[in-house]
Every structure is written in C-alpha cells, then in structure tokens.
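Read top to bottom, the protein sequences are chains A and B. Numbering that gives the first Met the number 0 puts the first sequence at residues 0 to 58. Numbering that gives the first Met the number 0 puts the second sequence at residues 0 to 131.
Errors might be hidden in some of the hints.
Stated by the list, open to error - Looking from chain B toward chain A, a few residues come up when the C-beta cut is under 7 Å (computed):
1) R34
2) L41
3) S43
4) S45
5) M49
6) A55
7) M70
8) L73
9) Y103
10) L114
11) I117
12) D121
13) T127
Said to hold, decoys possible - Pair ranges (Cβ atoms, derived):
14) B:K12 - A:L41: 37 to 45 Å
15) A:R58 - B:Y16: 24 to 32 Å
16) A:I47 - B:V98: 19 to 27 Å
17) A:Y37 - B:K12: 22 to 30 Å
18) B:L44 - A:E26: 36 to 44 Å
19) A:H5 - B:G128: 22 to 30 Å
20) A:S45 - B:A88: 23 to 31 Å
21) B:G63 - A:T27: 39 to 47 Å
To be clear, the hints were calculated from the coordinates, so they are not data collected in a lab. Just so it is clear, CB atoms sit at the ideal spot from N, CA and C, and this is done for glycine as well.
Now for the letters of each chain:
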Amino acid sequence: MFRPSHFTALVLFALFASVIFGITMRETPRRMVRYGVYCFSLFVGSAIVLSWLMYLIAR
Amino acid sequence: MASVENKVAGVDKGFVYLPLIAGWLVPGAGHFLLRKWGRGALVSLSIVCMFGLGLAMQGKIYSGAHDVLEMLGLVGDLGNGLLFFLGRAMGLGADQVQVTTADYGTRFIVVAGLLNVISAVDAHNLRTGRKL
C-alpha cells in the first residue's frame, strides 16, 4: 500500500494534472511546457499559501 | 475543416469520432491515432499513473449511485474507460475508505477519469482541425 504524505500527494496530483492541462490547453510545445509549469506552480504555491494561512488562523 | 497537418499525415479519413472514443477507452490512444506520439505518451503515462497511484493508496472505485455524490464519483470514474471496467472486473480498489490516503486515492481515480475525458476531447479537436 502506498501511503504518501499530504505534500507528496499534492505534488503528484499537481504534476499529472499540469501535464494534461499543458497538453490540452495550448497548441505549441513551448507554450504547453510554459502553461504546464505555470499550472504546477499555482497548484503547489496556492496550497502552501493556504496551509500557512490556516496555520496562522488556528493559532 | 481539417488542419493542414492532419491532411498531410492522412489521418482525416474515416470515422470522425474515432479519436474521441479511442481516447476515452484507452488513455492517449486518441492522440496516437493522430500520430501525436509525444502528447499521447504523456497523456497515457499521466492518466495510468494517476489511476494506478489511486489504487495503490487503497482508493475506492465507485460501483453504484446510491446518492448524488456517489453518482458524481461514478461519472468521474467512468471517464477512465477500460481502466475502470478492468478495475471493476478484477475487484481492484477498496470497498470502504478507511484511511486518509484512501480518500486521496479515491480522488486520484476520479480526477484521472476527468482528465482522460479532457484529453479525449482534445484528440477530437485535433481530428476536426479545431486545434493544431
């Protein structure tokens, strides 16, 4: 059984979703890569920001 | 209107919905039919890995629709095409979600299905020339 940490699960989810978003939402390979990286950054970045916000609110 | 690239490759003959249906049944197959080898390989790898990781996390494959949420989950799972039917036939996936990672696994399986539908529609758009 595979039991990843919350962050590992998030990174894996973001990676696969970003690959598909990049391929399907843009037309040229260069733009696909850029959009994929952009989506991945937003997935991971927003999760980190929201995590810190929830941590600070809970204190 | 078919794209110039598809005309040159000679892939704009035959049933227009074939890439859509093939892409739904087998992740990446729609792109492979259109000779988009790189895109097809990445789509296939991503969807199969996501589905496999979902199962490895003891995620649940929805079988029936007892309430609205389960029905939505089933619709998402159905997007996996043959992976879903194979998983059901082989009895893969947990019957009940008991640990946190299993809940993640269930979401991985549902999202893999939804992403596969997006990819199949992308293959259809490539076939019709709506996208290059």
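(message) Take the shortest C-beta to C-beta distance between L114 (chain B) and chain A; is it under 7 Å?
(response) This interface hint holds because 4 Å falls under the 7 Å limit.
(message) Hint validation: T127 (chain B) versus chain A, beta carbon distance must be below 7 Å. Holds or violated?
(response) violated, 14 Å
(message) Just to be careful: measuring from the Cβ of M70 (chain B) to every Cβ in chain A, is the smallest value less than 7 Å?
(response) Where the cut-off is 7 Å and the nearest Cβ of chain A is about 23 Å from M70 (chain B), the hint is violated.
(request) Using Cβ atoms only, decide whether S43 (chain B) comes closer than 7 Å to chain A, and label the hint accordingly. (result) violated, 11 Å
(message) Would the hint on D121 (chain B) be counted as holding, given a Cβ-Cβ threshold of 7 Å to chain A?
(response) holds, 4 Å
(request) Would you check whether I117 (chain B) satisfies its interface hint, that is, whether its CB is within less than 7 Å of any CB in chain A? (result) Hint holds; I117 (chain B) Cβ to chain A Cβ min 5 Å, cut 7 Å.
(request) Note whether the CB distance of L44 (chain B) and E26 (chain A) lies within 36 to 44 Å or breaks it. (result) Between L44 (chain B) and E26 (chain A), where Cβ atoms are some 21 Å apart, the hint is violated.
(message) Tell me if the interface restraint on R34 (chain B) is satisfied: Cβ within less than 7 Å of some Cβ in chain A.
(response) violated, 15 Å
(message) Assuming the hint says 23 to 31 Å, is it satisfied by the Cβ distance from S45 (chain A) to A88 (chain B) or not?
(response) violated, 38 Å
(request) May I ask you to test the interface hint for Y103 (chain B) with respect to chain A, counting a Cβ-Cβ separation under 7 Å as satisfied? (result) holds, 5 Å
(message) For the restraint on L41 (chain B), tell me whether the closest CB of chain A is nearer than 7 Å.
(response) holds, 6 Å
(message) Quick check: does the Cβ-Cβ distance between K12 (chain B) and L41 (chain A) fall within 37 to 45 Å?
(response) Hint holds: Cβ distance 40 Å, inside 37 to 45 Å.
Violated hints, in rising order: 1, 3, 7, 8, 13, 15, 17, 18, 19, 20; the structure is consistent with all others.
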